[in-house]
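Asker: What follows is the residue order along each chain.
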Amino acid sequence: MSAEKTSYRPTKFLDGLEGNNHIVLLYDNPKYADLIIARYFLNGLEKGESCVFFTPDSSELVEARLSAQGVDVDSYKKKNSLRFYRIERSDENKLDMLGTLKRIREEATIGMKPPFRFVGRTITDTATIEGMRLGLAVEKTGQDHFEEFDNSQMCYYDISGIEKSKRDEWIRGLLKNHHHVIYAAEPDKAVAFETMLLEDE
Amino acid sequence: MPKPKRNKMEIYNDILCAISQELENGEAKPTRVQSLSNLAYDKLVRYLDELEGRNMIRQGPLGITEKGRDFLQDYDRISEFLLAMGVKYLDVSEREIQ
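Chains as they are written, first to last, in my numbering: chain D, 1 to 201; chain G, 1 to 98.
Hints are supplied without guarantee of correctness; some may be wrong.
[Said to hold, decoys possible] As a list, the in silico EDC-like pairs of lysine to aspartate or glutamate whose alpha-carbon atoms are at most 16 Å apart: (1) Lys189/D - Asp76/G; (2) Lys78/D - Glu46/D; (3) Lys189/D - Asp74/G; (4) Lys77/D - Glu60/D.
[Said to hold, decoys possible] Cβ-Cβ distance ranges computed for the label pairs, FRET-style: (5) Glu27/G - Gly99/D: 50 to 60 Å; (6) Ser35/G - Gly16/D: 28 to 38 Å; (7) Pro61/G - Ile129/D: 51 to 61 Å; (8) Lys164/D - Lys29/G: 47 to 57 Å; (9) Asn80/D - Ser35/G: 57 to 67 Å; (10) Gly111/D - Gly53/G: 37 to 47 Å; (11) Asp49/G - Glu163/D: 38 to 48 Å.
Simulated from the structure, these hints should not be mistaken for laboratory data.
It should be emphasised that the depicted structure is a prediction, and the values quoted were computed from it without experimental measurement.
For each residue, glycine too, the CB sits at the ideal point set by N, CA and C.
Generate coordinates for the entire structure from the input sequences, incorporating the hints supplied.
Answerer: Here is the structure:
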């Protein structure tokens with residue numbers, strides 16, 4: 001994996017990004033997603049940014065995955081520049097989308113210094129049509145108000161387990177509501193590009 | 001027959017391929033690039049400015065930067081990804097996912 005870290009195309013793309021960006025990370029193999037997430041955080045941490053990982057899973061699990069990719073989790077946690085924020089697995093209380101996004105952002109960054117860099121997503125259910133619809137609506141709200149939030153964000157989705165019948169429309173919706181897409185896969189399939197490239201002539 | 005619609009990525013690729021092809025013969029002249037990339041001259045000028053702004057080409061004389069070469073290398077892979085995901089344009093309507 002170490003050779004891939006230097007020549008892997010999405011890594012080079014990430015390293016070249018400047019300013020605040022809303023990125024969607026698609027993957028079907030968590031090994032490559034971890035590689036990208038760790039690199040994204042490290043790029044921010046090395047510039048003095050504060051990073052938050054939003055997850056409905058236990059933070060120990062996520063911390064172990066980041067550590068395995070070379071992030072000195074304990075050290076950054078002690079410096080208060082890396083934090084793991086547990087989000088509710090249930091999506092029932094997230095219907096006020098803008099309000100939910102603002103509340104979570106505020107709660108998650110208490111005591112941290114801007115600029116902020118986030119990884120995660122608010123809606124956890126991508127296995128049902130209802131969950132996908134709600135997730136897209138939240139992503140659209142996030143994208144429409146992106147300037148107000150004044151942070152960078154990477155939203156990650158495992159596309160191996162999503163509901164199949166609406167997959168293409170859902171992925172198109174995700175691409176439309178982010179500035180960049182990264183497909184973290186084997187090196188000969190992985191891609192990263194600006195979604196505006198899909199605008200027509 | 002109407003010309004098939006291209007997205008921005010396809011147009012970028014057509015322009016960069018045209019420049020690359022012309023550079024193999026010595027110099028990339030805008031009029032040749034225009035003809036090879038099948039664009040009206042005003043559109044070509046706009047796209048060349050855009051590509052230069054994105055640091056993918058240099059103008060005067062026309063040349064391709066490292067970022068532009070990376071794009072050319074990645075183009076087929078991105079096209080395959082989009083085909084696999086069933087995406088070509090972002091004209092998704094609100095009625096989808098219902």
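Asker: Please go over all the hints and tell whether each is borne out by the structure.
Answerer: Evaluation of the provided hints:
Simply put, Lys189/D and Asp76/G have alpha-carbon atoms about 10 Å apart, close enough for the 16 Å limit, and the pair holds. About 15 Å separates the Cα atoms of Lys78/D and Glu46/D, which keeps this hinted pair within 16 Å; it holds. Taking the CA atoms of Lys189/D and Asp74/G, the gap is near 10 Å; set against the 16 Å cutoff, the hint holds. Of the pairs offered as hints, the one joining Lys77/D and Glu60/D holds, with about 13 Å between alpha carbons and a cut-off of 16 Å not exceeded.
Remark: the range hint 50 to 60 Å for Glu27/G to Gly99/D is upheld by a beta-carbon distance near 58 Å. Between Ser35/G and Gly16/D the beta carbon distance is about 32 Å. The supplied range of 28 to 38 Å therefore holds. Look at Pro61/G against Ile129/D: about 54 Å separates their beta carbons, and that is inside 51 to 61 Å. About 49 Å separates the C-beta atoms of Lys164/D and Lys29/G, a value consistent with the hinted range of 47 to 57 Å.
Checking the proposed 57 to 67 Å range against Asn80/D and Ser35/G shows it holds: the Cβ atoms sit about 59 Å from each other. Range check, Gly111/D to Gly53/G: about 39 Å between beta-carbon atoms, so the 37 to 47 Å window is met. A beta carbon spacing of about 42 Å between Asp49/G and Glu163/D agrees with the range 38 to 48 Å that was offered as a hint.
This entry satisfies every hint, going by the numbered hints stated previously.
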